[in-house]
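Visitor: These are the residues of each chain, in order.
Number of protein chains: 2
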Amino acid sequence: MTEAVYNWKDRGYLATYINKSGSFASVRIYPPGSVLVDLQSYGAEEKNEDHHLLNELEERMRELFQNNITRVKRLPAITRGGAIDRYWPTADGRLVEYDIDNIVYDEESPYQNIKILHSKQFGNILILNGDVNLAESDLAYTQAIMGSGKEDFSGKEVLILGGGDGGILYEMVKLKPKMVTMVEIDQMVIDGCKKYMRKTCGDVLDSLQGNCYQVLVEDCIPVLKRYAKDGQTFDYVINDLTAVPISTSPEEDSTWEFLRLILDLSMKVLKRDGKYYTQGNCVNLTEALALYEEQLNRLCCPVEFSKETVCIPSYMELWVFYTIWKTGL
Amino acid sequence: MTEAVYNWKDRGYLATYINKSGSFASVRIYPPGSVLVDLQSYGAEEKNEDHHLLNELEERMRELFQNNITRVKRLPAITRGGAIDRYWPTADGRLVEYDIDNIVYDEESPYQNIKILHSKQFGNILILNGDVNLAESDLAYTQAIMGSGKEDFSGKEVLILGGGDGGILYEMVKLKPKMVTMVEIDQMVIDGCKKYMRKTCGDVLDSLQGNCYQVLVEDCIPVLKRYAKDGQTFDYVINDLTAVPISTSPEEDSTWEFLRLILDLSMKVLKRDGKYYTQGNCVNLTEALALYEEQLNRLCCPVEFSKETVCIPSYMELWVFYTIWKTGL
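So the sequences go chain by chain: A and B. When the first sequence is numbered by our numbering, its final residue is 329 and no position is left out of the sequence of numbers. When the second sequence is numbered by our numbering, its final residue is 329 and no position is left out of the sequence of numbers.
So here's chain A without its partners, still in its complex pose (with noise of 0.2 Å):
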């Protein structure tokens, strides 16, 4: 064991500990009275170890301080450089853990990389480019981005911009609507989703199309356009894009403008007595969600909004939805 201390003076000691088989420890000594310890071991072999040394370490602490400590605690390992990361932080940046124990499926579409991880509470997990989307456990989020039961989709004209996942559509169809078209950009979610996220999506995705609903493997703006053009309108559109929308001809400057284009051409193609949906954020980012609110006074017909929080089992934090729909028309 190789040992060296470093004196920051007023600001604390700093010790290191080397061992030969990799393994490496610091002890850092802040005023007025914090000593952190970090243990960092090579291979897993070893953890039972550390816990071991650990346990050791703060026996002797007690001894030395004479019971003097006022607060001990110890954060479980965290792992890194495995082949399996646990490791998805939420919206508001904060550190979570989940129980993933095995990579369903790991691949780079034109559009995104899309992961599918199983949990063991959770079920499979969808994660596009780093962010959380779905897992098999949270029905929640799509019966909030429905509505949360408070419609009648009987007999009505859905459109779904996004969806890959299928939880929305199969949801639907389950209503006996007139028809529901879902626009979802990247076949390899559809791909991933209908084999891995079966408690999700069920055998809905199996056919792009059936008795009441059509999947349109697009864009959705040129989609949007082109209804628009035509005078195509819906009962219900359904809003489940990605945070960033990912679009193949990105004519808008910034996120916002593009969010907004989203917004002023969904308006176009939603009836007069009809519903926008969307999910909108973590409830904790308050400035996001006000920004949003800002863009809803800047679309091209006046619109009001309502907005619910709900708890979506695998996201570890509290998601804001909205339901907006036009007026004075």
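Hints in this document: simulated from the structure, not taken from any laboratory. Among the clues, some could well be false.
[Unchecked claim] Derived DEER-like restraints, expressed as beta-carbon distance ranges:
(1) M1(B) with L208(A): 56 to 62 Å
(2) Q187(A) with R62(B): 48 to 54 Å
(3) D106(A) with E257(B): 45 to 51 Å
(4) V104(A) with S109(B): 44 to 50 Å
(5) R62(B) with V104(A): 27 to 33 Å
(6) G43(A) with S109(B): 51 to 57 Å
(7) K199(B) with G43(A): 44 to 50 Å
(8) E308(A) with P31(B): 49 to 55 Å
(9) L36(A) with N102(B): 21 to 27 Å
(10) G43(B) with M1(A): 26 to 32 Å
(11) Q187(A) with N7(B): 44 to 50 Å
(12) N102(B) with L208(A): 48 to 54 Å
Positions of the beta carbon are idealized from the N, C-alpha and C atoms, including for glycine.
Got chain A sorted already, so can you dock chain B onto it with the hints?
Guide: Relative to chain A, chain B alone:
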């Protein structure tokens, strides 16, 4: 800046960097190609600087490796040694960070450490001996441990074991029971919750008795024994004790024996067609759940049970709840 390099030979390299202001970095290079960089700073003012430094480092690494990097992952910084502790690991031992911004209550009672911490999204959270018990966001917990809305409590006799946060009592009295008796050992939990968990308990803890309820500040074991002896029975017994219950007179050898004692006494005071509700554990702790279910086969009277898995917002893990009833009498 002081630099030191250590060669682990077939297990890689370690380099440490110490600067004069109390910051400390380590770079470990492990075969077959993992580079782990840790940056540790003293004081919050350096957080932005760290971010900038890591951006530069990442850019430089990409240049050096000519973009032959398959994966880059940066974890949110961990803050240690501060007044506010944001890390409260889950029951299944995962590291999760909470959005805690304030310490509302922090006391040592004769029985346990009681903390009430404010979370931006979950409201105030009650933490007993380091275990997240209940947040103001967690009506789902209270509903689940009351049978998920499937029971009619009007005119019924209800016994609550524990439940010091007042959540069950508050929801129960709304349902017009004949009488609710709550037995909570720790007056200081009641005191903290009636002041700081009012979204959970309303005004129900302001007085220890009301029209249809009474709160006994006592160890539940002697109370249950008294009721059993006197032949007093209840339609519902709701066990809301902590995972490892506290007693002033632990006469049993192991936790499991103690849990069985509570169950046996509860069955004695439960009416023939009564129901017993309790929380189980995190859904991932399958061994602990199986052991609990094993205890149910070893009670003084035969019982059956059903279970339900529920998402409790502040837990960041799915939780199992049990309903138990007597059979074959």
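Visitor: It remains to establish, for every hint, whether it holds in the given structure.
Guide: Quick rundown of the hints versus the structure:
no. : hint                             : result
1   : M1(B) with L208(A): 56 to 62 Å   : 59 Å, holds
2   : Q187(A) with R62(B): 48 to 54 Å  : 30 Å, violated
3   : D106(A) with E257(B): 45 to 51 Å : 48 Å, holds
4   : V104(A) with S109(B): 44 to 50 Å : 47 Å, holds
5   : R62(B) with V104(A): 27 to 33 Å  : 29 Å, holds
6   : G43(A) with S109(B): 51 to 57 Å  : 43 Å, violated
7   : K199(B) with G43(A): 44 to 50 Å  : 47 Å, holds
8   : E308(A) with P31(B): 49 to 55 Å  : 51 Å, holds
9   : L36(A) with N102(B): 21 to 27 Å  : 23 Å, holds
10  : G43(B) with M1(A): 26 to 32 Å    : 30 Å, holds
11  : Q187(A) with N7(B): 44 to 50 Å   : 49 Å, holds
12  : N102(B) with L208(A): 48 to 54 Å : 51 Å, holds
Violated hints for the displayed structure, listed by number in ascending order: 2 and 6.
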